[in-house]
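Novice: Listed here are the chains, written in short residue letters.
2 protein chains.
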Amino acid sequence: MATTSREVRPISYPRGEIRASDFRVVEVEVRPPRPGEVLVRNTWTSVDAALRLRLREQAPPGYFPAFPLGEPMDGIMTVGEVVESHADGFAPGDSVWHAGGWRDYALVEAKTPALGGIGTLTKLDVRDAPPQAHLGPLGANGLAAYAGLLHVAGLAEKDVVWVSAAAGAVGSLVAQLAKIRGHRVIGSAGSDDKVRHLVTDLGVDAAFNYRDGPLPDLLREVAPDGIDVYFDNVGGDHLEAALGALRKGGRVAICGMISEYGAQAPPPGPGNLMLAVTKGLTIRGFRASDHAHLLPEMRQRMGSWLREGRVNHRETIVDGLAQAPSALAALLRGDNTGKTLVRIEDVPHRESVGH
Amino acid sequence: MATTSREVRPISYPRGEIRASDFRVVEVEVRPPRPGEVLVRNTWTSVDAALRLRLREQAPPGYFPAFPLGEPMDGIMTVGEVVESHADGFAPGDSVWHAGGWRDYALVEAKTPALGGIGTLTKLDVRDAPPQAHLGPLGANGLAAYAGLLHVAGLAEKDVVWVSAAAGAVGSLVAQLAKIRGHRVIGSAGSDDKVRHLVTDLGVDAAFNYRDGPLPDLLREVAPDGIDVYFDNVGGDHLEAALGALRKGGRVAICGMISEYGAQAPPPGPGNLMLAVTKGLTIRGFRASDHAHLLPEMRQRMGSWLREGRVNHRETIVDGLAQAPSALAALLRGDNTGKTLVRIEDVPHRESVGH
Chain A
100 MATTSREVRP ISYPRGEIRA SDFRVVEVEV RPPRPGEVLV RNTWTSVDAA LRLRLREQAP
160 PGYFPAFPLG EPMDGIMTVG EVVESHADGF APGDSVWHAG GWRDYALVEA KTPALGGIGT
220 LTKLDVRDAP PQAHLGPLGA NGLAAYAGLL HVAGLAEKDV VWVSAAAGAV GSLVAQLAKI
280 RGHRVIGSAG SDDKVRHLVT DLGVDAAFNY RDGPLPDLLR EVAPDGIDVY FDNVGGDHLE
340 AALGALRKGG RVAICGMISE YGAQAPPPGP GNLMLAVTKG LTIRGFRASD HAHLLPEMRQ
400 RMGSWLREGR VNHRETIVDG LAQAPSALAA LLRGDNTGKT LVRIEDVPHR ESVGH
Chain B
100 MATTSREVRP ISYPRGEIRA SDFRVVEVEV RPPRPGEVLV RNTWTSVDAA LRLRLREQAP
160 PGYFPAFPLG EPMDGIMTVG EVVESHADGF APGDSVWHAG GWRDYALVEA KTPALGGIGT
220 LTKLDVRDAP PQAHLGPLGA NGLAAYAGLL HVAGLAEKDV VWVSAAAGAV GSLVAQLAKI
280 RGHRVIGSAG SDDKVRHLVT DLGVDAAFNY RDGPLPDLLR EVAPDGIDVY FDNVGGDHLE
340 AALGALRKGG RVAICGMISE YGAQAPPPGP GNLMLAVTKG LTIRGFRASD HAHLLPEMRQ
400 RMGSWLREGR VNHRETIVDG LAQAPSALAA LLRGDNTGKT LVRIEDVPHR ESVGH
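As given, the protein sequences belong to chains A and B, one line each in that order.
Heads up: the first sequence runs through residues 100 to 454, numbered per this note's numbering.
Heads up: the second sequence runs through residues 100 to 454, numbered per this note's numbering.
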């Protein structure tokens, strides 16, 4: 007996902004799991800016491949409940994460690595945090913040830290992690509401709205003596301003470049890279999945901070699987605060005969 | 009694290419050394591309300051012979280096640090190598190559290395050091003669003339599987091509950006920095003087390689102090191979009464 499920599939690669018409919701029959497989009813699915990089004819070299047109989108983090299991270690009712997002039901091979290891089917401990927290602070976003700030940027004593897109899913965790470590933290975002959120809820020392003036001026105002670490989620003019503000020996961890994801042609890079020479700067790009070995350690620490209320964790929740594309579009426009999630409606486990 | 000496002084900051008329040779009287000072007759002075960065109203932040107009150029590596000493540890006839270049005679304070420590007055061992080798492989250029390749780029087993400006003072040492370490080395330069030099004299595995076509194509031809380390002396399109060719975990050590030194406006940076994220690349700028602690170790090893004939060391020698500006212009045009040096004519130690 098969299960009726819906999948969001891309049908054309967007030029510039994402439109709902670039996607189609398709109803499919999902066959029962075979040995080694698990059938999962997805409850929450992740919406990440970097998905935009895969909605192209070609994803950037080194990245996960482009989403093929007309196919379900494999490689998006999702949490759900096991409905039926033919794999050791998984039983109906288990909360799990896996990488078969943007669909109601997913058939998952229990041992097949996904998303560089961090998307492999994994049982979740949901006693202390709701399942969807595993798509944000306890998952890939937490790992990006943790690995990026501590390992890639090599956060060191007395570093002054600037985080861009600091009201976003990763940036908000970076800002708070740096505060927990006792650093002076500057956050930037694209609206006054977000700036208030940074100061009031996340506790950064200074924050600014990047639309309020030339970035170098805004940065000089809040960090007159410069910065030591820049956690980059934006790229473009933000990265250029950071290179200008960094002090000798400063470091940049590039997690993402949301300002460039929708660009038709590659935008020019920072015109002041020579400052990397004169100031001895280090610029490192990274992906959370390259640091999968830090996941248990991060989850343990982040879990404690969440329980102790030391990490504020905001969610922008969109209801209904079919809304996933517009949620991504809103995220890329800068409309969302915190983690963007799609809550998948509770589709009854309707079984259909035949295929 | 004073000593008559000539000094090359900038009188205007060049726009674009350097012209002889941007400089003037001035005759001055140098007073006798006071306690703690040493009078040095300079014999060789260094000509370095990066001097161009100081021939501006403002040097890039973090760099050595601009050369003031109408003043002698302090902060250029030079070797010479002690004429008169009032400082412990220095005696007439000693070979020394110091940072008071582009002049016949220099009055040097023995203990005052110069050029971030690497230009402080230092007695040289010239038994095994001629004095001017201390301006190249045994000095700042050797240190840039050694520190840049081994420490900044973190050369690791099996790395494929690309060096740009590989026929230059630093690049030629990087290429040979990487070969000594057993790596596959690709060198690029701007003329067919230089390319021949790279293959025949420096022993690189593959070389190309960057003027022969689009860099990504040229690079793909000699490194179809990509590279792991790029040692950047050029910047601009070279750096962009490197980001494209680097494999996962690849590293860039930026030593210089000769392509950008004369630019009137900052040229745009590489448009493909996003590859740093997708491929987990590290880009680090550095200055040799930031690694002064490696100087003794470098000198000991480079000295052995030079003696054993394992490092080929070519010089472009220009005769006469007054030729220093045109030697720099030629270097920036890409005319020179190896280390560019000015041999200062043997001006008799003519003393004048007064002062």
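Note that these hints are calculated values from the structure, not bench results.
A hint or two may mislead.
All copies of an identical chain are treated as equivalent in the list; a pair is satisfied when it fits inside any one copy or across any two copies.
Unchecked claim - Derived lysine to any residue pairs resembling SDA-like cross-links, with alpha carbons at most 25 Å apart: (1) K278 x E208; (2) K257 x G215; (3) K347 x L249; (4) K222 x S403; (5) K222 x Q157.
Novice: Which hints from the list above does the structure break, by number from lowest to highest?
Specialist: Of the numbered hints given earlier, those the structure breaks are 1, 5, listed in rising order.
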